[in-house]
Amino acid sequence: MIRYTHLDSPLGPLRIVSDGKAIAAIGFPGQKHDLAAQPHWLRDDDAPELLTACRQLAEYFASQRRDFDLPLAPKGSPFQQSVWRALLKVGYGRTSTYGALARTLQRPAAARAVGSAVGRNPIAIVVPCHRIIGTDGSLTGYAGGLDRKTQLLALEGALLA
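Numbering-wise (my numbering), the sequence shown opens with residue 1 and increments by one.
Check the hints yourself; a few may be wrong.
[Unchecked claim] The list that follows gives simulated cross-link-like pairs (lysine-lysine, DSSO-like), each with its CA atoms no further than 27 Å apart: (1) K75 / K89; (2) K75 / K21; (3) K89 / K21.
Read the hints as simulated data drawn from the structure, not as lab findings.
Could you put together the complete structure from these sequences and hints?
Given below as structure tokens:
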């Protein structure tokens, strides 16, 4: 049974989705590639994994948490899964580039494919796709919008001068 809840965040409402055991998606309703609530989903503001995700996200926004400890179950291709695992290694307050991520995956010519997988990351913030920037230091696309990406990087102290 798919369960979900909403969290009011400083960046707007977040929808948090669970497969009943692990977090399957976190996103801003209406964002690009939004995993919109479906009629068969159950709104459950008391599911333990959703409560834990809400608590940890609130701590993150209050600058009291740098790392998340949540069971994750994003749905995607094996390549997307590998990119999302690599994103988890980009630490709080740090940034990386699509090219560097491609090299980490030992696929140096796959920067565009990596960019596409980053853009389809279903678990915003926790799987930190906002930490990926252009090679020239520019803030490139973010499914939740560049304003939110800017705010997330500022919260983490990762904005370049």
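Which constraints among the numbered hints does this structure fail? Numbers only, ascending.
Going through the list in order, the structure violates no hint and respects every one.
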